[in-house]
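> What follows is the residue order along each chain.
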Amino acid sequence: MTSNIGTVARAMTGFGNSAIGSAFGSWLGKIAGGFLVLLVLTAIFAPWITPFDYAAQNLMNSNAAPGWPHLLGTDQFGRDVLSRVIYGARTSLSVSATAIAISISVGMTLGAAAGYFGGFFERAVMTVVDLTWSFPDILIALIFVATIGPGLTSTTFAIAIAYLAQFTRLTRAQIVRLKRETFIEATINLGAKPRHILQYHLLPNAIAPVIVVGMLAIGDGIVLEATLGFFGLGAQPPTPSWGAMMSSGTAQLFLSPWVIIFPGVVVAVTVVAVNLFGDELIRALNIRDRIRGA
Amino acid sequence: MLLRYIFYRSLMLIPVSISISVVIFLIVHLLPGDPIDNLIRVGSSPDDRLALITKYGLDQPLFVQYYRWISAMFQGDFGEAIVLRRPVADLISQNLPYSLTLGGLAFAFSSIVGIILGTISATTRSAIVKQFMRGFILLGSTVPGFWLALLMILFFAVQLQWFPVSGAKGWDSLVLPVLTIGFGGVALVARVTRVALLDVRREDFVTLLHAKGLSMRTILVRHLMPHAMLPVVTILALRIGWILGGAVTVEFVFGRPGLGLLLIRALGQRDYPVVQGCLLMLALAVMLGTLIGDVAQAAMDPRIREEKT
Amino acid sequence: MLEVRDLEVAFGPVAPLSGVSFSLAKGEKLGIVGESGSGKSLTAMSVMGLLPLSGGRITGGSIVFDGQELTTLAESAYRKLRGRRLGLITQNPMTSLDPLQKIGPQVDAVAVLHLSMNASEARTRTVEILGTLRIPEPALICDRYPHQMSGGMKQRIVIAMALAADPDVLVADEPTTALDVTVQAQIIRLLDDLVKERDLALVLITHDMSVVAQTCDKVVVMYAGRAIEYGPVEAIFDAPQHPYTQALINCIPKGLSTDEHLSGISGTVPTVSNYPKGCAFHPRCDRAKNICTSERPAFITYGNNAAACHFAGDDR
Amino acid sequence: MRYVTKTKFLSGTALIAAGFLSCAAMAQDVSIAFSSDELGATSYNPVTSSNLNSATGLIYDRLVEQDADQSYHPHLATSWVESADGMSWTFQLKDGVTFHDGTAFNAQSVADWIPDFADTENAYLVAAIASVEVIDDLTVKFVMSRPEPNLLYNLASSFMGIPGSASYDSLGEDFGVTGAVGTGPFKLESFSIGLETVLVRNDDYAWASDLSENQGTAHLERVTFREIPDQSTAFLELKTGGVDLLLGVPTDFLQILKAESNVSVIQMPGTGIHYMPINVTAPPFDNIKVREATGLAVNQEAIVASIYNGVGAPAHNFLIGSLPEAQVDPALNVNYGPDKAKTLLDEAGWMMGEGKVRMKDGVPLTVKLFTQNGTEFTSLTQVVQAQLAEIGMEAEITVFDSSTIRDEYKNNRHQLAVRGYDWNNSDILDWFFSGKRLGYPNVSMWNDVEGQRLNDVAMEDSKNSDERIANFKAYHEYVLSQHLFVPIYQPTKNIAYNSDRVSVPKIVRGTRFRSQTIVDIKVTE
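If you read the protein sequences in the order shown, they are chains A, B, C and D. Read in order, the letters of the first sequence are residues 1 to 294 in our numbering. Read in order, the letters of the second sequence are residues 1 to 309 in our numbering. Read in order, the letters of the third sequence are residues 1 to 316 in our numbering. Read in order, the letters of the fourth sequence are residues 1 to 525 in our numbering.
These are computed hints drawn from the structure, not numbers from a lab. Being a predicted model, the structure only gives us computed values, none of them experimental. Where hints are given, some of them may not hold.
To be verified - Pairwise CB distance ranges (calculated):
hint: 1; chain 1: B; residue 1: Arg9; chain 2: C; residue 2: Thr182; range: 34 to 44 Å
hint: 2; chain 1: B; residue 1: Arg222; chain 2: D; residue 2: Ala27; range: 58 to 68 Å
hint: 3; chain 1: A; residue 1: His196; chain 2: B; residue 2: Pro15; range: 28 to 38 Å
hint: 4; chain 1: D; residue 1: Thr366; chain 2: B; residue 2: Gly104; range: 47 to 57 Å
hint: 5; chain 1: A; residue 1: His196; chain 2: C; residue 2: Glu234; range: 51 to 61 Å
Beta carbons are placed, not taken as given, at the ideal position from N, Cα and C, and that holds for glycine.
Taking the hints into account, I'd like the entire structure generated from these sequences.
Written out as structure tokens, the structure reads:
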């Protein structure tokens with residue numbers, strides 16, 4: 001595939017900056033970053049923050065509207081929606097982050113090997129990568145979950161596989177670019193072993209864009225997890241995840257909309273925050289062009 | 001030159017297709033469960049079950065089953081659906097038009113609107129427009145499709161009653177699904193267009209175009225757009241697979257038949273021939289998409305044309 | 001023909017260029033010389049009216065071309081000058097042409113736009129100009145793409161574009177930097193000939209003092225966004241007033257003698273955001289005194305040249 | 001109609017047009033959304049298809065019909081006689097019945113039809129019929145290879161709607177897809193797989209069964225059946241007038257539907273049970289005391305009241321209430337009894353320790369609870385999980401798709417599961433508890449000598465229906481005594497319709513909402 005995919009990949013990973021938007025952007029970036037930190041802290045300290053047990057049912061008080069003591073209301077089992085949204089942050093964030101971490105490590109290995117060794121190996125890897133990249137991610141995830149069974153583990157792997165192509169491609173592009181740089185050529189000419197070059201010279205230099213793109217992909221991962229949840233896969237009850245909550249019976253949308261609307265809003269806000277913050281990172285690290293190079 | 005390029009590029013697809021068919025076959029047959037459970041009903045005996053397994057050749061070793069499938073495939077025979085009891089080719093050809101209509105319209109919608117919005121956002125001087133576009137693009141690429149679909153129905157179909165809630169009859173049933181899929185697509189295309197335009201604008205030759213005294217509009221239309229279209233074409237070509245199979249959630253919510261829904265339903269029933277057929281179709285569409293993308297690139301960019309022939 | 005006075009350029013809050021003045025008549029060749037980042041290219045862009053492309057604007061001074069004030073000129077009127085009366089040659093021929101278009105149309109466009117020619121007239125003219133630039137088989141070249149040509153050839157195409165509408169002033173922004181040494185000389189010679197043949201005014205921007213010495217009539221030496229010395233080439237080479245000019249001249253290898261000491265300039269060019277107070281050159285200057293760190297030197301005319309140094313005119 | 005509603009928003013001239021549209025709408029034209037469990041049919045061939053929907057019953061008539069009380073009523077057969085030894089059945093057929101293609105329905109039609117079942121997945125329905133003899137034009141005799149007290153039940157099934165032989169043979173594979181010929185009150189006009197089926201009135205129809213009030217042609221001229229996979233979308237279609245009838249409304253929607261002024265809901269007694277099978281081979285459930293305790297932990301009444309809003313009935317044994325075999329010794333019924341459950345667990349050695357979970361030999365009482373995706377079961381499973389926690393049993397839920405969960409059962413990886421069945425015949429006991437079908441469908445993995453003996457007697461040695469009832473009841477009671485499952489809930493079948501537009505008989509006859517009721521529906525708007 002051609003280098004234009006680079007622009008595509010870059011475009012997909014963040015919105016370009018503009019001179020005027022710059023000041024406004026960094027202000028937004030601060031808010032987005034602050035929100036994300038808060039979210040992660042909430043997820044970590046969920047047991048101490050939640051007002052109720054996320055799994056405690058109270059069938060006599062089901063579908064209660066937001067109010068006191070259930071600030072965001074209760075679901076059809078009388079469980080506290082706020083507590084579930086907070087615990088849901090745990091599930092959704094950890095599933096997505098773990099998935100992307102796996103995706104990055106495998107993708108970087110594949111991409112680095114492909115970019116470094118080139119030839120038939122590169123062509124084979126990239127053909128597969130391009131194909132999976134063009135395959136709808138929801139189908140990849142659905143087939144994968146059908147194969148190894150539902151649950152958080154398989155959802156995690158499904159998301160990891162769905163986004164593998166992106167990181168393989170990005171790493172490869174970084175490596176190909178770096179390989180042309182003089183200091184690497186020098187190292188190669190000095191007779192260093194491929195493993196050494198990859199490990200000490202190429203990968204450290206390639207990692208920043210990959211990490212940032214990975215961060216942005218966490219947002220996509222959250223959405224994919226939610227969509228899997230819509231098909232009843234993903235987190236197993238009573239474990240809350242945003243996706244599972246949003247899909248907990250579309251009947252809820254009419255009966256007790258807060259059960260579905262609040263997780264939806266949290267997903268939207270989180271993903272937007274992830275994107276804004278990612279943009280700031282790209283700007284701060286000045287790696288826009290390197291992401292473009294993919 | 002271009003023809004030569006297409007020829008060689010197509011040759012590469014043959015080994016890829018064969019490997020893909022093996023992968024698809026293995027994935028489908030490694031799925032736990034089997035289609036026979038979906039055929040037998042209360043009252044049939046365990047012997048009836050065995051008879052069915054034999055009838056559909058599911059007791060044969062995997063490679064025998066693969067050989068049968070692939071050799072039939074070479075004669076254009078997609079096989080017979082086990083649970084759905086129809087020729088797979090029939091099922092696909094019944095569902096494909098729906099996918100193509102929905103996908104094609106969503107594709108056209110997102111390309112045209114996306115390119116226009118992307119161009120506006122890259123060229124506007126107004127900070128408000130810029131921030132608005134930024135917000136739109138951000139939202140468009142983050143909202144889950146099923147969520148958007150439900151909201152669309154609630155607002156446009158239930159509140160305003162402008163369009164039917166679901167179904168696939170008449171043009172008006174297409175509007176909401178196309179908008180739902182298109183929303184994300186528009187955001188993506190606008191994003192790519194915008195970034196590509198901003199990238200090209202920084203190239204040296206653009207300075208020289210200005211130095212020639214060309215107007216901004218001439219430069220945009222004659223020089224910047226063709227460049228910006230290279231990545232846009234790439235992403236659009238890559239989306240062909242998404243068009244055919246990626247609309248599952250939208251098909252589900254809007255009650256439209258389609259390849260994605262057929263595939264997911266067959267997957268649930270382990271209707272092997274249907275799943276295989278659909279996946280192969282999608283894979284072919286994806287390969288065709290990358291081929292079209294590459295060819296379009298080559299047609300547009302003389303550098304690629306030479307590099308690859 | 002062209003007169004620049006106290007030009008000042010700003011990008012948002014930063015002002016990377018100020019206090020640049022020079023004048024140029026028909027048939028004259030002016031060199032603007034300095035290290036990268038000294039503001040040479042900004043000067044060129046200011047003259048071409050292309051600063052807004054990179055987000056900059058002119059905040060002070062004037063540029064008068066043929067009696068017309070350019071700094072306040074409307075964009076539409078400026079567009080009629082660009083390509084028609086002001087020609088630009090850019091630094092990197094590799095990236096100066098639209099890679100998706102054939103050579104012919106790219107050159108034709110100028111004549112079509114400014115000389116109201118139709119396509120075939122413009123093509124005839126293109127072929128003719130390419131021929132005068134010593135490009136072999138000009139008619140065939142028109143049907144080729146930029147990537148199919150060598151760097152030197154591409155730079156000739158760029159020159160052809162600049163010349164297509166018979167301009168009065170040619171601004172050449174480091175036209176040879178990206179080229180092989182042998183080609184460099186050819187291009188410089190070509191420019192030199194063109195000035196003679198067509199009675200052009202040439203602004204040649206370069207970091208190479210020797211090119212200036214060979215080619216130009218006048219020279220502006222720039223450092224850290226300011227002109228620091230200006231005058232006829234002979235005067236400046238004979239008696240450079242600014243220590244920086246002196247240093248640049250010292251950098252030119254004089255011959256092939258093996259024991260010759262080639263001096264460099266110690267230190268680095270400051271970036272826009274941290275221009276030193278006073279004379280921007282003082283941290284690298286071996287003659288710097290207290291006054292140099294606090295007061296910016298004014299332009300002092302000394303003989304035929306003028307220099308911005310507190311010690312201009314002093315004997316060394 | 002949606003378009004009528006839409007025009008209301010438009011101005012005066014459009015209102016006149018709307019008037020015309022309303023007249024057109026008065027032309028007895030309705031659209032019906034299938035329930036989610038009957039989606040995805042690819043053919044209206046009743047003989048070979050494994051998945052038929054409600055529209056099938058409108059195209060084809062059956063020889064006999066079954067009512068909600070499980071009694072049998074004549075339809076195309078006016079009467080029947082079973083020989084004393086059960087080895088033959090003779091049916092008198094209705095006179096004057098014609099197929100949609102104009103050919104007459106007679107004894108030969110039946111004789112041509114039964115052999116078509118050979119080698120299909122539906123062959124078991126006629127497996128006991130050795131041959132079909134045409135006695136005269138309107139008399140046909142089934143010669144049996146063994147007594148089959150269940151024959152009438154089979155004949156009343158959708159799969160035994162009678163197709164016209166001529167068309168069946170000429171269309172071949174395409175029968176039921178491009179065309180379909182039966183004797184039913186409606187003819188197939190068009191069938192778009194996965195989208196909709198359009199039926200038009202059979203104007204010759206004059207042979208409805210006595211389950212219908214209307215004995216002539218249907219009131220409706222045109223019925224459009226639509227497939228809408230998402231339940232909430234289907235609900236919105238009903239609300240906005242896109243469909244007039246919703247077959248199969250999930251219980252969670254009832255509350256919302258009742259709030260809609262223009263929507264009426266019919267609740268029919270269901271034909272199935274939601275229950276929790278217990279894998280008797282997986283410890284700790286190999287101990288009958290633990291199994292019994294599990295059953296005592298489930299509060300059926302609370303479940304019906306809370307998650308089903310009082311709709312439907314609690315289930316206390318394995319069969320639907322209307323079957324005579326369900327009337328077992330009350331002592332054997334499974335009821336809520338948490339105290340006894342705790343005692344039983346104590347006796348089994350599972351003691352309450354410090355935490356909320358019982359322990360035995362340092363092992364916590366943690367079990368796997370499987371279920372299928374789809375809101376119906378996942379909600380129920382979560383409540384069951386909470387109720388099990390009350391007696392100190394920690395259940396971990398896994399939600400599978402229907403194919404994967406069967407694979408788990410077959411590989412004996414399960415302990416508890418929440419599932420349901422839909423079947424209005426006591427032979428369901430054989431299906432789920434026969435030692436021949438361990439894993440799936442026998443999810444309880446129960447293989448017991450006495451159980452199998454009682455099963456064989458009920459399945460094979462029943463000469464007539466009274467004997468069959470007694471045998472199955474005995475088998476049912478024995479199954480209950482072994483605590484192989486926990487009965488939970490008998491759902492109702494809920495049908496919602498737009499009461500502004502259509503009138504539907506208040507009392508629905510038959511085992512489900514089918515042709516016998518649809519011929520009585522009128523457009524009233």
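> Compare the structure with each hint and give your call.
Do the hints match the structure? See the list:
no., hint, result
1, B:Arg9 <-> C:Thr182: 34 to 44 Å, "holds (40 Å)"
2, B:Arg222 <-> D:Ala27: 58 to 68 Å, "holds (60 Å)"
3, A:His196 <-> B:Pro15: 28 to 38 Å, "holds (34 Å)"
4, D:Thr366 <-> B:Gly104: 47 to 57 Å, "holds (52 Å)"
5, A:His196 <-> C:Glu234: 51 to 61 Å, "holds (58 Å)"
When each numbered hint is compared with the structure, no violation occurs for any of them.
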